[in-house]
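Whenever a hint applies, use it, and build me the whole structure from the sequences.
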Amino acid sequence: MAKGIKDRVAILGMGCSKFGERWDASPEDLMVEAYVEALADAGIAAEQIDAAWFSTHMDDVGTGRGGTPLSIALRLPDIGVTRVENFCAGGSEAIRAAVYAVAAGACDIALAVGVEKLKDTGYGGLPVATVGTYIPQWYPNAVAPANFAQLASAYRTRHGVDAALLKRAIAHVSVKSHANGARNPKAHLRNTITEDQVLKAPIVAEPLGLFDCCGVSDGAAAVIVTRPDLARALGKSDLVTFKALQVVASNGWEMQANEWDGSYVHTARVAARRAYAEAGIANPRKDISMTEVHDCFSITELVTMEDLGLSEPGQAVRDVLDGVFDADGAVPCQIDGGLKCFGHPIGASGIRMLYEMYLQLLGRAGTRQLVDPRIGLTHNLGGQPSQNICSVSIVGLEGV
Amino acid sequence: MVGIVEYGGYIPRLRLDRRAVAEANAWYAPNLSGKARGSRAMANWDEDSLTMAVAAARDCLGTAEDRGHVAAVFLASCTLPFTERLNAGVLCEALTLAPATDALEFGGSQRAGLSALIQGLVRARADGGKVLVIGADNRKAQAASGQELDYGDGAGALLVGGDKVLASFLGAGTVTVDFVDHFRQAGRETDYAWEERWIRDEGISKLVPQAVAAALAQAGVAAGDVDHFIFPSSFKKMDEQVANRCGIPTEAVVDALLDRIGDTGTGHALLLLAHVLESAKPGQVIVAAQFGSGAQAVVFRVTEEIASFRPAKGVSAWLARGVAERNYTKFLSFKGQLALERGMRGEQDRKTALTTAYRHRAAILGLVGGRCQETGRVHFPPSRFAHGQGQGQPLQDTQVPYKMAERQGTVLSWSAEYLSFHRAPPHTYGQVDFDGGGRILMEFTDVAKGDIEAGTKVEMVFRIKDIDDLRGYTRYFWKAVPVRPGQALEQQAAE
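Residue numbers (the numbering used here), protein chains in the order written: chain A, 1 to 400; chain B, 1 to 495.
Treat the hints with care, as some may be off.
[Said to hold, decoys possible] Simulated crosslink set (DSS-like; lysine-lysine; CA at most 30 Å straight-line): (1) LYS449/B - LYS200/A; (2) LYS200/A - LYS3/A; (3) LYS119/A - LYS351/B; (4) LYS286/A - LYS200/A; (5) LYS140/B - LYS237/B; (6) LYS186/A - LYS3/A.
[What the hints assert, rightly or not] Here are some chain B residues pointing at chain A (derived, C-beta under 7 Å): (7) TYR358; (8) ILE364; (9) HIS379; (10) HIS387; (11) GLN408; (12) THR410; (13) TRP414; (14) TYR429; (15) GLY430; (16) GLN431; (17) ASP433; (18) GLY437; (19) ASP451; (20) ALA454.
[Said to hold, decoys possible] Ranges of calculated distance between the beta carbons of each label pair, as one might list FRET restraints: (21) THR130/A - ALA307/B: 25 to 33 Å; (22) LEU165/A - SER333/B: 54 to 62 Å; (23) ARG197/B - GLY132/A: 36 to 44 Å.
Bear in mind the hints are in silico, worked out from the structure with no lab data behind them.
Idealized CB from N, CA, C, for every residue including glycine.
Written out as structure tokens, the structure reads:
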């Protein structure tokens, strides 16, 4: 049995750019914005960084392939930089690589940076992805909203949920995230909305309307990690440490075996189970103080609550409507606004989620600060429910 | 004795309301009001003469997995999507016919349907093999022309051979002369036609009876003994006039379905033959004729075997399942005659890797998956490794080809979205679980709002997947449509 990552690596510093329609900024500017904050927070010199991992999804919108876009933008001191790419879970992958490198003893201090400059694509919504030469010959020319919307049709069937009730529950998800995002100065969308607005919005992909979809944003986030002993030697006292880092990639079972019912995300359930085991969490609903999950669409967040064991199967509709995941609920979700309102620059999102956990655990979250959070969970879903990469990461105060 | 041993047809679901077209064009061509009756069959955006040919062939051959009895495919059309690339070869792949199948194309004239049929009969008589003869057209005319209203889209298919003959071949007649009633130069999209009276009086009235007389003479049948006379022409009562000139009783003239589907072109005589055979009685004589660069005619006698065969759906069922389309701009757009704003997502490059297409042609064109011999699980696309029971050694190279096109499925999940560029929004797709195993995330076509729900039963159709406008390449795959009983032409397409 592997020993796991629990408490072996700590966060030394973090930074995050303002997310949004950053017409003023290039990807390089965004990376610098996040990195400068992280470096200052870590209190180290750039030369102390041993290696870096770079997460970006779209190679054709200004960030480019390979590791050099990061090393050149940040003028890194002749170190190894690896680009990682795992759809929307790329940021979490960059974290995992940096943390594992430190845990392995190969590095003392490692950097992970994620960036995406979606507003330079010209699209409202994600651009069309290229998926090789074979898949487009048979696979629908599908878009993310419809891929995720299928969760809703299957969920309704699986649990016998009335379409109008489910629509209202997922509307609540969006209303909650807007309320949270309004209190976050770095969030893309800072307006509050009503349930009525969500229900009346134009349909993007049945049954998802405009307000059921997350923002398409520019942004970058950065994290510097090290061993707890080195963090203390560098003058840090309250340490946020990694408790679990789990990633599961679909092996195609969902789309081929006729067994998956389409109403949940299989990889998320496996990743959550492993993450809880790694972190030593027996009762997630009681032990997890807060979550940042991959709410690319409102239905995704609702289903994710069940995948993470925070709601019983079929009960998330009720829990969501009861406010369990609101900022003042039992397990607050998307305190920072989530993908929905903080925004979703794909390669940066996993690190942005960690940033909120870090701020909350250190009591630095300003007007949206939760009372005494101790354990936070982040969840990324790259790809689509039927074929994806899912990450579940757990962080918390050292020793908790 | 050779003759027709199986038959089928295909008519697209959409039926363009002629009054709607006349009204849309009334400001410009008020003369069209004279044709503003009934409807014409209208191919969906993802249908062309090749996909309709596949549909007609499947109607004819039925759902049996083994199609080894088809020795050759003769495809007749004046509107095939590829001028160079064997369209009939695509059709063979879609029907999962063996590589040894001969495949030929006929065209150049509206009579090519009967030309292919006669050659198929000759071939069957010569070597005893069965020949699948298909005629199909996706017809295009100038906007606001009379042809736009007269024409229709559709396909007919006949399997000819020597065993269990439903209608025995008695004789054929041909007249080949360069009488140019209309023409279309290579590279042009629409026809140029000469004056109607000259075509009727000097062309059809003189040339068709010669071909019919020759056919009847070879058949040894008197004109007065003809029970069903098929002569597709969009000229009013032309069929009756030709019958009279030939000495064929007026009551033998077969309804050419022009009010309901229009003149579907090269394949129309085959489509009408398939329709007549649905109700023909043993001993009856059927004569079919087509006009074009002369004329061609063929004579059959229905046998006692006629009751032993039914097509998968049949022309009557295709006729009954239409939905009225009253949107003229949709028709123009589907025919490529109206350039609508596509948005940025419409700029996506749809280049096809021909190497990949070839390597996976069975999966893509034939919808052939892989069935694991160890677990029975069906994989699409087929793969080297199969999903096991979650235990033990990987199941490597355990899959054997497994045909999925003739199997029905059930919708597991779906959505309909307005974001991507799609020629008929909303773009609707979802997971389909196949009866007997297998699951594909696939597109739905021929659907309106409310047609698709989780649990909806679907069947497969061969359709255009993507059109690469940049390079002029059409790519095909299979889509799901709801399994529908025949329905009256009352319902309007809702999208």
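Hint check:
no.	hint	result
1	LYS449/B - LYS200/A	18 Å, holds
2	LYS200/A - LYS3/A	51 Å, violated
3	LYS119/A - LYS351/B	26 Å, holds
4	LYS286/A - LYS200/A	36 Å, violated
5	LYS140/B - LYS237/B	23 Å, holds
6	LYS186/A - LYS3/A	37 Å, violated
7	TYR358	11 Å, violated
8	ILE364	5 Å, holds
9	HIS379	5 Å, holds
10	HIS387	5 Å, holds
11	GLN408	14 Å, violated
12	THR410	10 Å, violated
13	TRP414	5 Å, holds
14	TYR429	4 Å, holds
15	GLY430	6 Å, holds
16	GLN431	6 Å, holds
17	ASP433	5 Å, holds
18	GLY437	6 Å, holds
19	ASP451	12 Å, violated
20	ALA454	4 Å, holds
21	THR130/A - ALA307/B: 25 to 33 Å	55 Å, violated
22	LEU165/A - SER333/B: 54 to 62 Å	38 Å, violated
23	ARG197/B - GLY132/A: 36 to 44 Å	59 Å, violated
Checked against the numbered hints given earlier, the structure breaks hints 2, 4, 6, 7, 11, 12, 19, 21, 22 and 23 and satisfies all the rest.
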